[in-house]
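One letter stands for each residue in the lines below.
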Amino acid sequence: MPGTNGSAPSGTQVTFLEAIKQAMFEEMERDPAVILMGEDVGVYGGAFKTSEGILERFGWERVIDTPISESAMIGAACGMSYLGLRPIVEMQFIDFIVCAFNQITNFVAKGHYLWNAPAPMVVRGPSGGGVHGGPFHSANPEMYFVHTPGLKVIYPSTPYDAKGLLKAAVRDNNPVLFFEHKFLYRRIKGELPAGDYTVPIGKAVVRRQGKHLTIISYAAMTHTSLEAGEALAKEGIEAEVVDLRTLLPLDEETILNSVKKTNKCLVVHEDTKTGGIAGEIAAILCEKAFGDLDGPLMRVTSLDTPVPYAPTLEEYFLPNAKKIFSAAKELARY
Amino acid sequence: MKKELTRQQYLDLYYYMRLNRAVEEMMVKLFRQNKIVGGLYSSLGQEAISVGTAYALEKKDWLAPMIRNIGALLVKGVRPRDVFMQHMAKYDSPTKGKDGTSHFGDLDNLHIVSPISMLGDLIPVMTGVAMAGRYLGQRIVAMTWIGDGGSSTGVFHEGLNFAAVQKAPFVLILENNLWAYSTPVRKQVPLENLADRAKAYGIESYIVDGNNVLAMYSTAKEAVEQARAGEGPILIEAKTFRRMGHAQHDPAEYVPKEMRAYWEARDPIALYEKFLTGENLLDAKGRKEIEEKINTLLAKERDFAENSPLPPPEFAETGVYCTGDDCHKIRAKWERPIAEVTPPRSSVEAVWTVPGFGSGKGSGGAHAPIHFGDTQPAETKPAEAGKSAVQAPAKAAAKKTVKAVPASASRKARR
Ligand SMILES: Cc1ncc(C[n+]2csc(CCOP(=O)(O)OP(=O)(O)O)c2C)c(N)n1
Ligand SMILES: [Mg+2]
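One line per chain: the protein sequences are P and D, in this order.
For the first sequence, our numbering gives the first residue as 51, with consecutive numbering after it.
For the second sequence, our numbering gives the first residue as 23, with consecutive numbering after it.
This is chain P alone, in the form it adopts within the complex (with noise of 0.2 Å):
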């Protein structure tokens, strides 16, 4: 993937997951009060070794094993935020987020709103699937969280904008949920400039331009997306592909500037359809293009069922760029 934001980038090719680790150290090497905490991020570095050699660099005071208590360390870090700390929390699959609900969806989100208390806190974790990890190690939780003011909901495609957004989620006064697509985690590499930088939250990005139809998506099926965009191109189909990279708030004006121009929308996501961003999209779309469009709003997701841990089962319940390529052409037909 090319770097985004118009900026040069220099520097060496670095996995999605790299990306994270370099803006954790950063991160915490810019500001003392930049702590991480969770499951074995410590001596073990992570499950997915994002965090390795950081307990190293920080000492125990920063870098923090915790009991298997989702609750307790996503509490904790809401009460280390208010004394100004600045708190990453791992979760070690994203799935055992939903054991913390509570304790996000009441607690921290609700704060700001009802007592003027900010809680600049991020929590991070491995998501989605399409790595066999079965109906438990697969989950793509964020429209759980995107129903819920107060948070800023995170999930990138690209290493640069991983590294950047992360870097901005920990500078930002608000929690941030914050998703790492575990299948692009080793599998897609990008180069980083040499320096600092962050990518703004609540801005999405045009991944590939086009004027027949609009393609929507985010984290992994951005490349899904992209790859079917090709696909068209050889039928003379030319997709513009979106990538949110932050789902809440959520980049209106990019999706209707995108949409207005080629005047047809697909969304695609590997969250399942019912209650998916789609829905909300297409939502926005009548609201505010509706003279604008001359298709029905299309969606590939995936199905809604838990995620199958067969292979063949997973297959068949995710999208992938073939799906993506027949519901495109079926909308460039209006």
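The set of hints was computed from the structure by calculation and includes no laboratory data.
No false leads were mixed into what you were given.
Okay, derived cross-link-like pairs now, PhoX-like style, lysine-lysine, Cα gap no bigger than 25 Å in a straight line:
# : chain 1 : residue 1 : chain 2 : residue 2
1 : P       : Lys253    : D       : Lys351
2 : P       : Lys217    : D       : Lys355
3 : D       : Lys51     : D       : Lys315
So the derived list for chain D, only partly shown, Cβ under 8 Å to chain P, looks like this:
#  : residue
4  : Gly127
5  : Met140
6  : Asp143
7  : Gly150
8  : Leu158
9  : Gly176
10 : Glu180
11 : Gly181
12 : Asn183
13 : Phe184
14 : Val342
15 : Ala354
16 : Thr364
Each residue gets a CB set at the ideal place from its N, CA and C atoms; glycine is no exception.
Please arrange chain D with the ligands on chain P, whose structure you already have, making use of the hints.
Okay, now just chain D with the ligands, sitting in the frame of chain P:
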């Protein structure tokens, strides 16, 4: 506690208990006049717990109240008008009408964390407050309260366990008032003493007569000092009784008459008045003065509250997010050298190096490793001798209190 209380401290405890009760009585009137927007809870008969424990904190310490801890808020410096306005959903209230009851806080000055309704959630949050304070070198203690009912939530256990492994300077007061709404404690917890919850987490605990303000205070004081010294979290079970229903709407007919009568005869304010009178710390005149002071104050505070407007409707849409530095400047208050937590020094040793911190007994003195896995010294606790039974409150309030404090008022729960 080495020295007994000063006359002023004895009278402070009395004043705050009276204030606590008077504030709540005034709110009952406001409730009957339909001036309170939502529900109204009462801490009648439990004032000694809120007041005695919060009084053991220093100004820099942090607390988070539960619904029956208005007394703790008053001790920490909250004005009665704020309590009234919260209940009346007024625009001048701390949450400007966005939340009610004692759901409000003050990060900057009073160091109060707002509770939410979900019972137990404050326990990990205040553990985090305690950990952050220690990390920043502030030597603070964090305190919160929980009910007998709330002690069965998952987050109570996750939070207390985490506080325990972290040796967080955290004090948890468990108000066992025998009822959780209509459910008696017997149906909630298969334990005689809820202080036994602490055993599961290897932490110290106390059992105290919750209707004895001196016992509450002195035990809390000892716990706060232990926590501040780095000895880890402490659980205090206060045995008491909820004299009103769950809230105003609940006549609590499920409570046996004899049980109510037993506890009504042990009103914490009446008991303490008797003690103060016996010790010549309070006479009829003094009592009258305090009453008048409270009445004058509360009339003013109520008038202010009543005159405050409801929030303008559009206000509902504001403040979901912090918009940055103009909204809040977030900065940690460092009271230790930052160099200790930044490379290369931060990575050197797995120890706390805050001077004087962690010097409590069992921690091996200042600068010694007090926790963290394999660096933890084999810690042998001294036998419990000398810390049992009456001694805590007796020491605290000196011999004088022995008369007022029943022999079983406070005892260290056996581990
Ligand atoms: C997690 C949760 N479940 C249910 C409730 C509803 N609720 C509010 S207070 C209460 C009873 C609490 O009893 P206890 O903890 O003993 O406190 P007390 O009312 O006696 O002070 C219940 C069930 C709640 N607030 N939180
Ligand atoms: Mg109770």
